[in-house]
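Please put together the full structure from these sequences, using the hints given.
Chains as they are written, first to last, in my numbering: chain B, 1 to 259; chain F, 1 to 345; chain C, 1 to 290.
To be clear, the hints were calculated from the coordinates, so they are not data collected in a lab.
Since we're looking at a predicted model, the values are computed, not measured.
Worth double-checking, as some hints may not be accurate.
[Claimed, not checked] One side of the interface only, derived from the structure: several residues of chain C facing chain B at Cβ under 10 Å: (1) G97; (2) R130; (3) I141.
No residue lacks a Cβ here, since even glycine has one placed at the ideal position from N, Cα and C.
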Amino acid sequence: MSKFLKIIITTMILIPILYMVFWSFTDILPWPKLIPDGINLDVWKQLISSKDYIRTIGVSIVVSMWTAAICILVALPTAYAITCFDFCWKPVIRGIVYLPFFIPSISLSLGLHSAFLTAGITDSIMGVVLSHIVPCLPYTIMILEGSFEQMGRSFSEQGRNLGANSIQLLTMVYLPNMRQALYLSASMSFIVSFSQYLLTFLVGGGIIKTLPVMLFQIMQNGNRTEISAYSLGFIILGAICTYLIRKYLGERYIMKYML
Amino acid sequence: MHLFNTKISRRKIYYEIHALGDDMSFFQIKNITKKYGELKVLNDISLSAKQGEFISILGESGSGKTTLLRIISGLEGQFAGEILLKDRNITKLSTQRRGVSMVFQDYLLFPHLNAIENIEFGLKIRGVTKSQRYREAKNLLELVQMDRHENKYPHQLSGGQKQRIAIARAVIVKPLLLLLDEPFSSLDANLRVDMCDFIRNIQRQTSITTILVTHDREEAMKISDRIALLYGGEIAQFDEPVKLYEKPSDLYTASFMGDVNILAEEEGYYLAVRPENIRLSSSDREGCNSAIVKDLQYTGSRTKCKALYEDKEISFFLAGNAEKVKISSKIYIEIDKSKILKIKA
Amino acid sequence: MLQNKRALPYLLLLPFLVFFAVPLIFSLCSMLKQSFGIMPGIGLDELTLNYYVDVLDSGTFYSSLGFSIALSAIASLLAVGLGFAIAFILAEGKEEGMIMSILRLPILLPHFTAAFLIFLLLSQSGLASRVMKSFGLIANIEEFPKLIFDSQGLGIMISYIWKEVPFCILFIYPTLKLINKGLREAAYTLGANKFQYLWMVALPVCKPSIISLFIILFAYNFGSFEVPFILGASYPKAIGILAYISYISADIGSRPYTMALNIMITAMGGMLIFVYIWLIRKIKTMEGQL
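Printed below as a string of structure tokens:
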């Protein structure tokens with residue numbers, strides 16, 4: 001039963017993805033043909049040589065890297081405060097943290113855009129990054145909070161017995177043991193930022209063009225081959241970036257330098 | 001006598017509580033052998049229990065005792081041998097249809113049900129009506145002295161309380177055989193003693209044939225009618241606690257059941273004596289021997305004395321703090337010749 | 001664990017307040033303000049509820065609201081239900097193998113990519129229709145049912161389900177695996193069969209997780225913009241599309257109307273947060289017991 005189900009699930013998931021790969025190498029395939037006459041690499045060539053595409057990748061990575069970095073730096077003290085300290089506004093803070101999960105994304109995007117317009121920080125990379133923090137941060141905090149809770153009491157007591165103050169406790173006791181959680185939250189905020197369309201489109205005002213914005217344009221005008229190739233490019237890039245974050249974080253304790 | 005209404009007749013478990021019977025074959029396991037790959041976990045185990053008897057399976061960790069219990073309960077498959085329960089061969093039956101219930105080491109109460117609902121679970125499975133279910137569960141709740149905690153959820157109960165609920169939950173289905181897997185191991189030391197008396201009481205009141213798995217010799221001796229001592233997947237000895245202690249069949253049993261002093265070895269036998277059968281003697285009377293005191297360990301009510309006797313280290317107990325005896329001094333001891341154990345080498 | 005120093009926690013929360021709480025609350029407030037008709041920039045400065053009345057008076061609002069609620073409720077329900085069923089069966093098996101990595105794939109893809117995949121597969125000229133034609137099940141392209149750009153929102157729903165079922169499986173599977181070790185054996189020794197175990201133990205134990213999953217998915221699907229934008233019909237429009245179109249319309253005077261609409265969408269999601277917080281607490285106490 002379980003084996004049979006695994007096969008079904010695997011086909012249900014892989015067939016659409018593989019079909020998209022197939023389409024990216026296909027030029028014209030009129031209905032009801034199943035197999036094209038030959039392989040077509042034009043779109044891939046165009047994609048690799050396009051300066052616009054390279055620039056868009058650059059903008060995307062810069063935006064998402066900044067977002068991930070700021071998210072970690074903001075989430076770390078926040079999660080630390082929420083899990084390890086007692087203060088009277090805690091339930092309110094917790095409520096605010098999880099608010100973006102429940103505000104439908106359309107309202108959140110429109111609301112943030114109109115607020116950013118008022119503040120005059122639209123149409124810039126900084127504006128886009130600042131707006132991305134809002135939907136990304138709850139994930140980051142959630143993951144780090146879990147990590148702090150897991151380490152819990154014994155860690156803080158041990159550290160305290162050795163005479164560490166709260167900040168030393170954070171940097172010397174907790175942080176070195178949180179690599180996994182830091183990786184997870186960094187890649188999570190990276191991915192969420194990396195695939196953010198509406199917010200980027202509105203706050204960036206069409207001037208800041210990230211991959212999702214470009215992809216959405218293509219989806220409205222392009223053909224299946226183009227969309228498939230650009231989507232694949234997008235997926236592969238996302239995967240590479242999160243892999244690099246993991247490697248970087250895993251091997252060099254990036255957090256130590258950041259603090 | 002009690003009959004359940006069940007929707008599915010096949011799964012109906014009829015039961016009837018008899019007075020303690022003499023029928024040795026109420027529960028039997030025959031030649032159970034279990035292998036994990038090449039490793040033999042259980043080797044040719046045979047056991048039996050009378051109806052209403054309390055049997056303990058005693059052994060160190062890794063002796064295979066929990067595996068044996070799981071085989072009896074049907075949770076572990078793929079073994080050789082037979083299991084008979086009340087004239088039925090249950091070897092191939094699924095767990096549900098064996099008429100065996102089990103209390104687990106970590107209780108395994110259902111976290112979404114409160115105390116009484118946990119107890120009712122088995123009856124609900126059997127389709128017993130709500131009011132009857134409640135009545136029976138309530139009775140058991142009283143029996144396990146938990147009636148004040150009826151509506152509490154597992155996370156609101158202490159370890160000992162959970163244990164009681166787990167026992168009530170297992171007993172309510174009136175199993176032919178009740179299995180207890182290390183029921184004391186996750187309790188505090190002082191609670192263990194209470195729980196031990198408590199379980200024995202419950203078992204006497206319900207007279208359900210019970211098998212307890214434990215690594216604690218004292219608990220097993222206190223609570224059981226008979227003990228099966230398991231060693232390396234084999235039964236070292238299966239007998240009453242007194243016999244295990246006083247007539248051990250081999251050196252492992254002898255030393256597992258308590259301290260033992262080996263005096264001599266002859267013709268494939270060890271001659272040995274328990275510490276309590278060695279007495280300090282005041283003088284060099286006939287039948288007394290000299291020994292040199294090596295070490296004294298004071299434990300309050302008595303002092304454990306280790307001494308060198310005929311080049312063998314022996315130990316025995318002295319009353320109180322044994323002021324007169326000093327380390328390195330010469331003492332005289334008297335060994336109760338009638339209590340000398342003859343153990344197969 | 002809980003330390004009690006007056007200033008330190010607030011100091012630690014400072015970046016959070018600056019980067020997150022302030023923009024979030026500021027944007028909610030500015031939405032509220034505009035929805036009550038206060039936009040000094042275009043000469044509106046009178047507090048009024050008229051825009052809410054306008055929203056509630058319009059027929060398109062109700063058709064979009066009903067469409068979005070039905071669509072996201074059905075999609076979330078199916079995703080959670082299928083997710084639980086599949087997780088249950090998978091947890092019965094001994095080896096996991098590759099399946100967990102494969103299940104992560106759809107989660108990594110953004111929703112609009114998932115929508116495009118569904119389009120490639122199920123549009124009238126998609127893979128499914130081509131395969132059916134080659135087997136002779138349909139004769140021409142029009143015979144293939146219209147699953148994309150349809151007024152029932154089937155394409156949107158399938159796209160949500162494709163992406164969210166794996167998410168539900170990965171969410172529920174560890175809990176099921178955990179209770180399978182112990183509670184299942186406990187249930188079996190008490191006489192429960194597989195079905196009774198599923199119905200009386202596994203499902204109730206997972207219930208809080210299932211409900212919280214449903215809420216998360218519902219909140220997301222309800223206010224989603226990308227998927228209905230790519231796969232939706234021109235009528236009825238999902239509520240997110242309605243808000244978007246009204247927002248980007250050239251007429252700045254319609255802004256208060258948009259914001260009133262937006263506030264109502266936000267309120268729908270906001271109500272769910274309380275249920276969620278209550279559920280999380282319940283899940284935590286239960287998991288402490290497993």
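Outcome of the hint check:
| no. | hint | verdict |
| --- | --- | --- |
| 1 | G97 | holds, 7 Å |
| 2 | R130 | holds, 5 Å |
| 3 | I141 | holds, 5 Å |
In summary, this structure violates none of the numbered hints.
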